[in-house]
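On the provided structure of chain A, position chain B as indicated by the hints.
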Amino acid sequence: MTMNEAAPPAKQNMGDPLRRVDGRLKVTGKASYPADIPVSNLAHGMLVTSGVARGRLKSLHLDAARAVPGVIDIITHETIRGELLAPEFGSSGSTSIGPLHDTKIWHDGQIIALVLAETVEAAREGAMRVVAEYDEEKPSTSFGSQGTETVAAAEASKQFEEDVKAGDFNTAFAAAEVKIDAEYEMPTQHHNPIELFSTTAYWQGEELIVHEPSQNVYGWKAEIARQLKMEPDRVRVVSPYIGGAFGSKGPITPRTAIVAFAARRLGRPVRCVVTRPQAFTTQTYRAETRHHLQIGATREGKITAFKHEGWEVTSRPDPYVVGGTKTTGLMYDYGSVLTKVFLVKADRPTPSYMRSPPETPYVYALENAMDEMAVALNMDPIEFRRVNDAMREPIDGRPFSSRSLMECYDEAAREFGWSKRNPAIGSMRDGDWLIGMGCATAIYPTNIAPCAVRITLTDDGRARIQTASHEIGTGIRTIAAQLAAEELGLDISAVEVEMGDTRLPPAPVAGGSNTTASVSSAIIKACGEIRQKLFHAAVTSNDGPLAGLDPASIALREGKLVTGKVTQDLKDAFKLMGAGVIEQYSEFRPDAASAQAVSNLYKGKMELVSGDKGEKVKYAFGAELVEVRVHRRTREVRVPRIVGAFGAGRIMNTRTARSQLMGGMIWGISSALHEATEFDQRSARVVNRDLQDYLVPVNADIQEVKVILVSETDNDVNPAGVKGLGELGNVGTAAAIASAVSHATGKRIRKLPIRIDGLIG
Amino acid sequence: MLPFSYQRAGDIGSAVAAADEAKEIPPTAASVQFIAGGTNMSDYMRLGVNRPSRLVDINRIEDRSLKTIEIGDPEIRLGALVRMSEVEDHPDINRRCPMLAESLKLAASRQIRNMATLGGNVLQRTRCEYFREISWPCNKRDPGSGCAAMEGFNRQHAVLGTSDACIATYHGDFAQALIALDASIDISGRSGKRRIRFAELHHQPGDRPDVETTLRPGEMITAIIVDIPAWAARSRYLKIRDRQSYAFALASTAVAIELDGDIVRQARIGLGGLATVPWRATAAEEALQNKPLTEENAAMAAEAAFAGAQPRQHNAFKIELGKQTLVRALLEVREMRI
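Going down the list, the sequences are from chains A and B.
The first sequence: position 448 = 448 (the working numbering), numbered continuously.
The second sequence: position 54 = 54 (the working numbering), numbered continuously.
Only chain A is shown next, with the shape it has when bound in the complex:
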């Protein structure tokens, strides 16, 4: 790969591929992640987790653990009782299951104790020596297990208002000339960020400081304070760098408050690093889903009827909804739409967000069905999508603010050489390798949230941006610096960025691909206000080159105020203001957000304005085309190349954008071919608890990955014109691969991952 490919030239409405401002720190190991922070007098915590998935903790034998040299204390339900409020499921919390708040066992690997010791090794040995006895009950693992409870999502959850529908599906489907009816499954997946989950907590008097990788520091601050029954102002959450998150560090899990409690009880700092196997049961995951789709169309390929039913596993107490029918229901011009989402409650931890939470599984099902329909119609799958493309959504007929789907398909097809695809199944070969080609649509809603930022500009032409936003690897630090540099006429090297700390102005959760849009909108607002102050001073002064001029004609460029050929140094403009520094604090509130949206942000309650709201619906689109090779004898699937083209409004930095989309497509390959959390169905326990057995691709699996950024301008989405694309890239990939495998082999695998098991024999 050439360096040029990593840094695509900016097209219209795109920012330059500047290098990551923190790239060097990260690759040289100088960026300190939360578990790296040096803390003196540290006690180490090791979790003890349950070996059964359902029942009650009868007794805990701790003597052998206490006898391990170096063990200081063991936190159990008896220590916690009454001291901590139970966690809450909802805006910031992953679950209502209070693992040490009661003796009830809700799921496999539930936290049942925290062993505290002078060393990690002693804590680990102590944890290994804790013996638990249970009153065990027969658990339900998943779909098809006895004892699960199925409820309608719209009735069970406030977050999922309704099942979208339009027209009369039943009549239209009955009358359709060509129909398909198919079921698809996606397994449980775990994020497995390489940075392990960890909490480091210490108290300074009555103030609690928590270092933990987090995608939502303000939300966590509020929830930690609530559980510990203290004022939020006394809690500080610090998370400057995050080593992979993908949603797993979005909602706070119950461990954090337990570790903070332990630090208070011991009167010394406590650090707890969750082991890789423990993360499979004490953290969140992508719920397994099942989908039933029915599509009816005319012989010419115009869809007349679309039905999508989804079933999603969740825990017994918490109605977490994936709910991707909101997106699949408006993707094409269907005529009639019927959707329904069900929750299946089992003895499992509460699932939560994982990159493109609703879209990944639901669009996987839809795009597979679209391909099956194209085959049934004997149509090219791209042409089939073209026939059903529309600039209005089919539920309420609202227009898309912009929709570049077919431009994406056309650009990707040209790059890929789609015209060379022979549609006949099994017709393309290279020796013993069967070649298949498939495609799928990517879609993601454009979300936006309130955000506050402080920008300090000094008269020497240096700026500092402060906001409690989160750099989860997307490049937001770089984008923030780049945007502020552009808005203030500075070089990016003159801009510093501080993020990931509740001492900074509040920013929304790094989730739903809203960060770039929200933070950029706030920065644009703050920079506008700074310019206004400077320009006002310049034009209202009694002398100076800009005196009396129209402030609207002035711009900031290269450390100067500029209009036509007239310039004024920044330093001089500052002098006119009688100040050496402008400290601008700005709060951005999206138009569609409530009046309380900003004040709620300070309380850790985030209001995300979703792309499906408003007079226009706002979505980013993409098209992914993939080639697979399947060995005719041994049936292993390889992906020699994948091309994705994406239209996502203004691209702030083509380098970081490409990187996000490329990473997304690679994860899509992973989802298609590798990833699954496997369960022992008898005991509802996870079997593959580490990276030996939970497979993700290695370098050898990933060959040519081509990203095309399609030029698109959308002034309706938000002041920054940004759609967000962190989650767009891995939507649709798995369906494109399943379709390509079907094209190569004639076998349609409707259950992920696609492995040799399903293709051989």
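Hints are supplied without guarantee of correctness; some may be wrong.
To be verified - Residues from chain B that face chain A, not an exhaustive set, calculated with beta carbons under 7 angstroms: (1) PHE4; (2) TYR6; (3) ASP20; (4) ILE35; (5) THR39; (6) SER135; (7) MET150; (8) GLY152; (9) GLN244; (10) TYR246; (11) GLU320; (12) LEU321; (13) GLN324.
In short, the hints are calculated from the structure, not lab data.
Idealized CB from N, CA, C, for every residue including glycine.
Leaving out everything else, chain B in the frame of chain A:
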């Protein structure tokens, strides 16, 4: 992790003298363990699967023969402390017996192969998920406790050499090339040295899956000896897995063929990822002998190799995959230009 003491052995004599010679427990469960590359041992100590109270580090043993590759004809002698990567890089071994070098190249990752020794490699323990996580019952780890894999999620488990007590796969790759070549190993213990056929090293699980090898308490492997016939240049190691690299085999095969025109004079076949121990497919070798190497005959040999295979709920596909892997490897070595 259990606190342990650490001792460095300077020679073979002091290493075996430090070992635990308790007769009633298998060497894998002894309180004193040798450690070389440590890539499997340290992992299993962290997981609590191995809980030795003392480690005897044999990396610094001064005897050069433990660390050298001696190339003779036909005999090649590989010291037990030679690192996997040293053998995979060796030009003579690559030329004379590609499958031996490939079985190492396709294992683990280069970083691990730079650490892991050959002696440790052949003694690596199963990666059965139920063995690795100590909260499950496991007859191999905790004799008599039962086998959770038998009716559990057993997709990666063995279909050959299984018993009612254990279906854990032997995951090594190198061992499949060694068993196909009928290698030998040198062993040192307190009572002296001995040499055995590699094929006699591993025990099928039977009713004692915790007894994995015929090594006696306190014994140490010192060398691997392989006779490489001239025709082993026509050989390869084919490994099929869920991803392209850094994964254990779902099915693999070490295949070497002596061809006389189209006719197979001798075939040597090892099968990996499919059996509880390193597995030589003698029935398949015999089925090919003195027959033309056609697709039909290759398929017949593959049938013979899996005649006694025992599938469980999730691993039945491995029988067909094993057959196809063997057929593919046989036809690919046929096409090799020597």
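Hint by hint, which ones does the structure fall short of?
1, 2, 3, 4, 5 and 7
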